[in-house]
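*Asks:* Assemble the whole structure, with the sequences as input and the hints as a guide.
Heads up: take any position in the sequence shown, counting from 1, add 1312, and you land on this note's numbering.
Please keep in mind that the hints were generated in silico from the structure rather than gathered at the bench. Note that the structure is predicted; figures quoted are calculated from it, not measured. Where is the CB? At the ideal position from N, CA and C, for every residue including glycine. No false leads were mixed into what you were given.
Keeping only pairs whose Cα atoms sit at most 30 Å apart, straight-line, the calculated DSSO-like set for lysine-lysine is: (1) Lys1492 - Lys1422; (2) Lys1383 - Lys1490; (3) Lys1405 - Lys1383.
Okay, the calculated beta carbon distance ranges per label pair: (4) Asp1439 - Phe1484: 15 to 23 Å; (5) Trp1329 - Pro1350: 20 to 28 Å; (6) Ala1494 - Gly1515: 25 to 33 Å.
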Amino acid sequence: MTGPAGSLPWLTDLGRWIARGPYALQFRIRVHGRDRVPLSGGVVVVANHSSMADGPILFGVLPRRVTFLIKQEMFANAVVGYLLGKIGQIPVKRGEADRTALTSALAVLKAGGVIGVFPEGTRGEGDVANAQNGAAWLARVGGAVVLPVACRGTFEAKGWRPEVDVLIGEPFHLPEGKGKAALGVATEQVRDRLATLVAELDGLRMSEGRR
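*Replies:* Written as structure tokens, this is what we have:
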């Protein structure tokens, strides 16, 4: 069991299968670098965020079950909140250090699971100009590797089945160190690696005449 307490692995897998279906109809999704995903051990997936579609797409296409930290507002509806919990997702209060969410996420990592974080904290253009400390803190305390994942094509997507690309980068370990300064250095490394990967994906899409 590598999901949060109370989650159901079989329902998580069903949810991943369902996530692939609707978005495959809405978008033409291409995944690059799937073989870079570590197949075991604790992993913190960090991804850029520009659309509500990003989370479900990554939940469906990544080859391991991913527990995402999702804004608490998504759990407001009792039925939706119940199902999100059962497929292994964790509600998090934005704009503050949510100890309950972080404790649940750490338990997943220490059990060898995968936590997904959008370090920008909210949706935007997805260029990772800023990053919050949560992802770096989880990776360091949980002894996990960081896996950057870039997603492009969902922001203000128009037309019939627009093309979406997911580029998975190389996993990496954060530098050791204690204190706020060391956490800041680690957070900047997370931001830089992810921003660089997003720029790489933008270059790939532009070379193929896409944006």
